[in-house]
Amino acid sequence: MAHDKLLALLQERCGAESFTTSLFRDNQRVIAAPARLFAILECLKLDAGFDMLADLTAVDYLYYPDAKDRFGVVYALLNTATGERVYVKTYLNEPDLQVPSAFPLWKGADWMEREVYDMYGIIFEGHPNLRRILMPEEFAAFPLRKDYPLRGKGERHNFPVLTRADG
Amino acid sequence: MPLELVEPMEPEASDKEYLWTLNFGPQHPATHTTLRLILTLDGETVVKAVPDIGYLHSGFEKLGEDLNYNQYVTIVDRMNYISPAANEVAWHHVVEKLLGIELTPRCKYLRTILGELMRIHDHLLCVGAAALDLGAFTAFLYAFYQRELIYDICETASGQRFHPSYTRVGGLLYDVNDDFVQKVRAFVKDFPKTHADVCRLLNRNRIFMDRLKGIGVLSKEEAINLSCTGPVARASGVVRDLRKDEPYLAYGDFDFKVVCASAGDCYARYLVRMEEMLESLKIVHQAIENLPGGPVNVEAGSKVVLPDQLSTYRSIESLIQHFEVIMPNRGFAAPVDEVYGAVESPNGELGFYVVSDGTERAYRARTRPPSFIHFAVFPYLIVGHQISDVVAVLGSLNIIAAELDR
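Order-wise, the sequence lines are chains H and V.
Using this note's numbering, the first residue of the first sequence is number 1, and each one after it goes up by one.
Using this note's numbering, the first residue of the second sequence is number 1, and each one after it goes up by one.
Some hints could be false.
Stated by the list, open to error - Quick list of in silico lysine-lysine cross-link-like pairs, PhoX-like style, CA-CA up to 25 Å:
1) V:K257 / V:K193
2) V:K257 / V:K244
3) V:K220 / V:K257
4) V:K108 / V:K97
5) V:K193 / V:K282
6) H:K107 / H:K89
7) H:K5 / V:K244
8) V:K220 / H:K107
9) H:K89 / V:K97
10) H:K45 / V:K244
11) V:K257 / V:K189
12) V:K97 / V:K303
13) V:K48 / H:K107
14) V:K183 / V:K282
15) H:K89 / H:K5
16) V:K220 / H:K45
17) V:K282 / V:K257
18) H:K107 / H:K146
By construction, these hints were calculated from the structure, which means they are not laboratory data.
Sequences are here, hints too, so could you generate the full structure?
The following block contains the structure:
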């Protein structure tokens, strides 16, 4: 099957010890450590033909049952020629929330990584323009983290009041 | 003071004082909804465009962690608010993939009909608003009248025009009645005439073609590298359509074509959308003529769906299940795992990455928003064009701010 051939190719190019796999419904997942992540993504793009980055997102596993790491970053890749999909995951823990940026491989990673930085505070090294995208520039917290409350911490109620005298 | 003859400056790479910045601000009649572009201009030509988004960010994904799978459909409706039922179909497609539920044939056909009507709905607005921005008011009005008919169909199905919130886990809110079937048949019969009218107004219109042809060209390799999907990618030659490549719902039963173009400019995107509307109409016609009978929700033993009213009064198991599904803080069990699923929405590949912790609420409900990804393409398309082309390119990309910002 296509999944087995793909995993065999990955094992040959990147070494079988650099990733683990799992399968759920039809999602074939490849889990790698942050240090090996870029090599695996590169191998998938250049050797296995995954030319489109369908999605790039993160999950905060703080309150997840049986979680061992705090953050997970997920890359959903698509091979437009064959229609295959593969999902690459990596896990991060504080304080090293850095991952190499996928921008050199797929330009579509640009805004998706900015959004993950904005919402979770994960730094993508090598990103050309890593700044907040959805929240205002001066926002101080990372909203989608599980320790940030749904209703916020009063940012919307504490705007500085400017009077006519201040100009 | 005497007039002095000023030497025109030779533009050098380091001497960029002649470039000026224009704020194509969040409040502007031609930016569809609230998005901001900071344009660096050389006279009328755009040298650089920096998008600034987030004006409509409402924390949808955070809410997804707080509402259960059936409640979140109301939020998902409001993402691509131009084709709301398409988002609902996408969301529940992924939730049912996570839970491993197989829908009844009638439900699949009804969701397909709704999805395709929403595709026509979205393309009508995209084409109509793009025409309106360029000055073609009549085409806009013709398109919007047809959208009113689709709103009437949604109202017949679920009672609400814009945001039907019609799908539920394992089925639909209500089954449809004959009124719905009559309205869909009437729409299928009358739509081609309006479509032909809009084609006659715009397709070979000199002004329309001059404004759109050759503007905002996106090559095939760039489209793939920049993660474009849907009509934007298909107009650049990327032959991908999830309805054919990864068939879901009832698309495997229908005969329709995938519309592609190779030019990749705004005119190609317009033509792809126009033709896709006719293909969608074919699907709706085939579906409504062959609508299977039977129940619309999965059987009550699957524990995710509300049992029907009569059995709730008559049997204790149905009463218990009704309680479990309706009451807050109770619900059905979900597998503790995560899944990504996607659907061909009118704008592109609308996917959801749902992480479940076993309860009836998602632990993380991420939307893969096609508008967000397509707006990132905008700075690459607009370099070298003029300010008036900004409007044309924005219109052709079909950026919906609520999906952009969530």
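Structure-based check of all given hints:
{"no.": "1", "hint": "V:K257 / V:K193", "result": "holds (20 Å)"}
{"no.": "2", "hint": "V:K257 / V:K244", "result": "holds (9 Å)"}
{"no.": "3", "hint": "V:K220 / V:K257", "result": "holds (20 Å)"}
{"no.": "4", "hint": "V:K108 / V:K97", "result": "holds (14 Å)"}
{"no.": "5", "hint": "V:K193 / V:K282", "result": "holds (14 Å)"}
{"no.": "6", "hint": "H:K107 / H:K89", "result": "holds (19 Å)"}
{"no.": "7", "hint": "H:K5 / V:K244", "result": "holds (24 Å)"}
{"no.": "8", "hint": "V:K220 / H:K107", "result": "holds (14 Å)"}
{"no.": "9", "hint": "H:K89 / V:K97", "result": "holds (20 Å)"}
{"no.": "10", "hint": "H:K45 / V:K244", "result": "holds (24 Å)"}
{"no.": "11", "hint": "V:K257 / V:K189", "result": "holds (20 Å)"}
{"no.": "12", "hint": "V:K97 / V:K303", "result": "holds (15 Å)"}
{"no.": "13", "hint": "V:K48 / H:K107", "result": "holds (17 Å)"}
{"no.": "14", "hint": "V:K183 / V:K282", "result": "holds (16 Å)"}
{"no.": "15", "hint": "H:K89 / H:K5", "result": "holds (19 Å)"}
{"no.": "16", "hint": "V:K220 / H:K45", "result": "holds (17 Å)"}
{"no.": "17", "hint": "V:K282 / V:K257", "result": "holds (10 Å)"}
{"no.": "18", "hint": "H:K107 / H:K146", "result": "violated (29 Å)"}
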